[in-house]
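These protein sequences, in sequence, are chains W and D.
All residue numbers for the first sequence refer to our numbering, where the first residue is 4 and numbers rise by one.
All residue numbers for the second sequence refer to our numbering, where the first residue is 154 and numbers rise by one.
In case anyone wonders, no lab produced these hints; they're calculated from the structure.
All values derive from a computational prediction rather than experimental measurement.
Errors might be hidden in some of the hints.
[What the hints assert, rightly or not] List time: in silico DMTMM-like cross-link candidates among lysine to aspartate or glutamate, alpha-carbon distance up to 20 Å:
1. Lys273(D) <-> Glu69(W)
2. Lys341(D) <-> Asp323(D)
3. Lys87(W) <-> Glu339(D)
4. Lys67(W) <-> Glu212(D)
5. Lys340(D) <-> Asp323(D)
6. Lys198(D) <-> Glu69(W)
7. Lys261(D) <-> Asp323(D)
8. Lys77(W) <-> Glu211(D)
[What the hints assert, rightly or not] Listing some non-contacts, in silico: residues in chain D with all C-beta distances to chain W over 10 Å:
9. Lys251
10. Ser252
11. Arg265
12. Gln291
[Unchecked claim] Which chain W residues stay away from chain D? Per the calculated CB distances, all over 10 Å, these:
13. Leu10
14. Ile15
15. Ala114
16. Asn116
17. Asp151
18. Gln159
19. Lys168
20. Leu174
21. Glu175
22. Asp176
23. Asp178
24. Val181
25. Leu183
Positions of the beta carbon are idealized from the N, C-alpha and C atoms, including for glycine.
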Amino acid sequence: MALHLNLLHEEILEQRQRQRDPLKLGLLALIGCGTLMFMYYSWNAYRTLEIRSRLSAIDRSWSKMEPSVTAAQKKVTELQALTKTVRALDDYIDSRFFWAPLLQKIARCVAPNTQLTSLDGTLDDAKGASITIEGVAAGREPRAAAEDLRQMLSEQLGHDYSEVKVEFKSLEDLDTLVNLGGTHMPMARYNLAIIFKPGAQAKPTPTPPQTRNRRKRDSE
Amino acid sequence: MSQKLSKDQIKKLGLSIIGFVFLVYVYFNFFLGPLQRSRADMLNKIADRQNKLDTAQEELHKSAKLEQNAKDGMARFTALRKINAEGAPLAWFPPRIKSFFANEQIDKAVARLEGSSELKQEELSAWLRYNWVIDLPQTDYVMVGRAIADLENSEPLLVITRLSIHATPDQPQFQHIELAATSLIEKK
Chain W
4 MALHLNLLHE EILEQRQRQR DPLKLGLLAL IGCGTLMFMY YSWNAYRTLE IRSRLSAIDR
64 SWSKMEPSVT AAQKKVTELQ ALTKTVRALD DYIDSRFFWA PLLQKIARCV APNTQLTSLD
124 GTLDDAKGAS ITIEGVAAGR EPRAAAEDLR QMLSEQLGHD YSEVKVEFKS LEDLDTLVNL
184 GGTHMPMARY NLAIIFKPGA QAKPTPTPPQ TRNRRKRDSE
Chain D
154 MSQKLSKDQI KKLGLSIIGF VFLVYVYFNF FLGPLQRSRA DMLNKIADRQ NKLDTAQEEL
214 HKSAKLEQNA KDGMARFTAL RKINAEGAPL AWFPPRIKSF FANEQIDKAV ARLEGSSELK
274 QEELSAWLRY NWVIDLPQTD YVMVGRAIAD LENSEPLLVI TRLSIHATPD QPQFQHIELA
334 ATSLIEKK
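Only chain D is shown next, with the shape it has when bound in the complex (with noise of 0.2 Å):
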């Protein structure tokens, strides 16, 4: 059954092949490569996108979680921000101050400015340290004991960071008193 080809058969043959080759040259370079790579780039950006949703879904939660958690700190800030008064402090701390004495019975109390300056701490930085000298030039002992641990409690962002109790020559009865405050003020 062994029969040669002939040369027209081989030269057809060959035709065949070349196009074969050709079709699936064309094939694979023009039409599903470029399928693939495309098919391959939606993939890679879909897994992406996936990953960005996923940490997305994760940045909601943990926000979610930790303004939960921070209601008590934004409670406390909320009330730390209200203990101080709105505009200049220099327009509302001295008539705070003499108020609070008045209230303590002691009333002459002046206090004045001495200066401010920035906190060193980056997490303060909204936040200016004041510098008040708060003058009670006829109190006794015992008062201002009080007046100071009334002060002590109902001003959180208050120090005292100096103080002299003076006996005044000619009344024993009474002293002479002069604090150095420093208070915290939200740079407004």
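Chain W on its own, in the form it takes in the complex (with noise of 0.2 Å):
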């Protein structure tokens, strides 16, 4: 058997003794570990510059935009109060009573035998229209004469307003006479009491044509 003999054994050991030293290899770990850690720090960091920059963009935009946006929120108010207030008015104005489509309703029914002395309305939100009317009816029954016009008042009324009531206050003969159509009647006084809601509302007349002049030149 040969004898082998490997003078260089200690140095050997040594060197395999450096090659596996644990601080050398742990701060080998570490540079690694730390480059990989930069790494990803860097990566975020990049992120987070893209993100800084998207939210100044953002804010640029906003800074832009707010002004207006102040002014269309205000503007919007406005036109939402506008908008209410027409409306309130509109509901105003759709509400009123119509007292020129009464006259000529009552102004109908007025037969050439009774006459108006007097006539006053009144309008209350609540309580509706209530009216009185006074006045003379002739003819040989004139309390007939007088009933015929609160029946036709009744009727006429009730086609366009609702509760429609038409009640005598007081009717009471005359103990003068009337000289109608060449005879001489009897008259009676009477007193009217309407009481109705406009509820069924009339629509306001349209203006007829001026018959003033016509009128004037009839009478001269």
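Now that you have both chains on their own, put them together as the hints suggest.
Structure below.
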């Protein structure tokens, strides 16, 4: 058996020990990890910078838009208030009671043998309209003439208004006689109370053409 | 091959582990942590701003649409405001009524202010209700009926609340007429 001598044994051992030095290996691992961590950090920092630039872009566009948005909000509030006001005014206008159609109806109910001496009408939001008519009626039976007027008013007003009530407050015979169509007729004085709700609203009367001049000429 | 670590090597290994732990601690607490927190903050801010921008866009769109829709209302409002003249109502309303009835061939017309009051509706808080008494001492039923029809058609903000017609004893062809009217007039 051949004798084999290794004179460098100690040196080789030392070299091996140096290579396996845990501190050196640890430092190498540390440097490796540190590099990876740095790269990861850099990637994150890059993304953060990107987000920051996005944020500043959004901030810029918001600051550009903010005054117009504030103005728009103010405008919206104003427009909403204006719309409500117009609606309220329209409601007010639409719920008006028109007296002209009522006067026209009353005029149509008055026969030649009846006469109105006074008319008082008031309008109340809660109670409705109440009208008092005073006048005289003439005929062979003046009370019947007054009753005819009452019935006619009740019928005519019932077409356009609701809850119509036409009642005599008073009806009395008068001693005086009136000449009606060449005959002397007895007279009666009546006082009618009319109550109704202007619920079924009447339309305003279209303005009739002026006939004033013709009437003047007729009377001349 | 298994060789036991020497005491010196164990010491160095421990030192390396401590160094590593320290490095990880410093990295996460002083570098990556704040960076991620700031990034999360910015993302929240972006979401918030984006939300605001979206709402703002909607608001602008809504405003434009409302403005378009409210054109008729605005025109109507302007028209209703124009019905009433500028200045104190007492200065312009009676002359206007006088000239209105003069155009209706009713010469004697006097309008008196009875008072004014606030309206109950909140929407009409900028408007006042003026109560007037209009006296027509010498006219006739037909003429006044026509005049009232004209008045009701031409003055949408005026409501007649009371009407009184009485025959004039010494002039049977004429009647004495008194109207109580309420008109809405914008506060100036």
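| Claimed clearance of chain D by Leu174(W), with the beta carbon kept past 10 Å | holds, 19 Å
| query | Does Lys251(D) sit more than 10 Å from chain W, CB to CB? | reply | holds, 18 Å
| query | Is it true that the CA of Lys273(D) sits at most 20 Å from the CA of Glu69(W)? | reply | violated, 37 Å
| field | Restraint status (C-alpha distance of Lys198(D) to Glu69(W) at most 20 Å) | value | Holds. Lys198(D) to Glu69(W) sits at ~16 Å (cutoff 20 Å).
| task | Starting from Lys340(D), check that the Cα of Asp323(D) is at most 20 Å away, please. | result | Outside the cut-off at roughly 44 Å; violated.
| query | Does Asp323(D) lie within 20 Å of Lys261(D) when you go C-alpha to C-alpha? | reply | holds, 17 Å
| Is the Cβ of Arg265(D) farther than 10 Å from every Cβ of chain W? | holds, 18 Å
| field | Minimum Cβ-Cβ distance from Glu175(W) to chain D exceeds 10 Å | value | The assertion about Glu175(W) holds, with a minimum of 18 Å to chain D.
| query | Lys67(W) and Glu212(D): Cα distance at most 20 Å? | reply | Given that 20 Å is the threshold and the Cα spacing comes to 15 Å, the pair holds.
| said: The output says Gln159(W) does not contact chain D. Does that hold with a beta carbon cutoff of 10 Å? | reply: Given a closest Cβ separation of 15 Å, the condition holds.
| task | Examine each Cβ of chain D, and state whether all of them lie more than 10 Å from the Cβ of Asn116(W). | result | At about 16 Å from chain D, Asn116(W) clears the 10 Å cut-off, so the statement holds.
| message | The output says Gln291(D) does not contact chain W. Does that hold with a beta carbon cutoff of 10 Å? | response | Fine: 15 Å to the nearest Cβ keeps Gln291(D) off the interface.
In this structure, the hints that do not hold are numbers 1, 2 and 5, in rising order.
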